[in-house]
Amino acid sequence: MLTRHILPIALAAGTLMLSGAGSQAMPLVKPSAAPLPIEPVGWRCGPGWHMNHSGRCVPNRRVIIRPVRHWHPGFWYHGRWHPGYWSW
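By the working numbering, the letter at position 1 of the sequence shown is numbered 1, and the numbering carries on one by one without gaps.
Keep in mind the hints are simulated off the structure, nothing from the lab. Incorrect hints may have been included.
Beta-carbon label-pair distances, calculated as ranges [said to hold, decoys possible]:
| # | residue 1 | residue 2 | range |
| --- | --- | --- | --- |
| 1 | A34 | P59 | 35 to 43 Å |
| 2 | G14 | P35 | 40 to 48 Å |
| 3 | R44 | R66 | 28 to 36 Å |
| 4 | V41 | A12 | 51 to 59 Å |
These numbers were taken from a predicted model, which means no experiment stands behind them. Think of the CB as a built atom: it goes at the ideal place given N, C-alpha and C, for glycine as much as any other residue.
My request is simple: use the sequences and hints to build the entire structure.
What follows is the structure in structure tokens.
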């Protein structure tokens, strides 16, 4: 009677344990995997700064765009006739 009840239970438990040993929730990474082609870049000076020729951190200069003075030749009509003039 013991073999009639215990043997099938032990056989089922052993089968479940052996089938669960090979499966994993997430497989491990293979050790032979090639590294990603990413190069880390150090932002040494921080935002708003850059390195000069001697390797020191200096602040970025502001870019000032000056207006261009150009000549409007001839006459044109805008309410009344105007001669050419220099503008900024």
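Outcome of the hint check:
1. A34 - P59: 35 to 43 Å: holds (41 Å)
2. G14 - P35: 40 to 48 Å: Holds, at about 42 Å.
3. R44 - R66: 28 to 36 Å: holds (32 Å)
4. V41 - A12: 51 to 59 Å: holds (58 Å)
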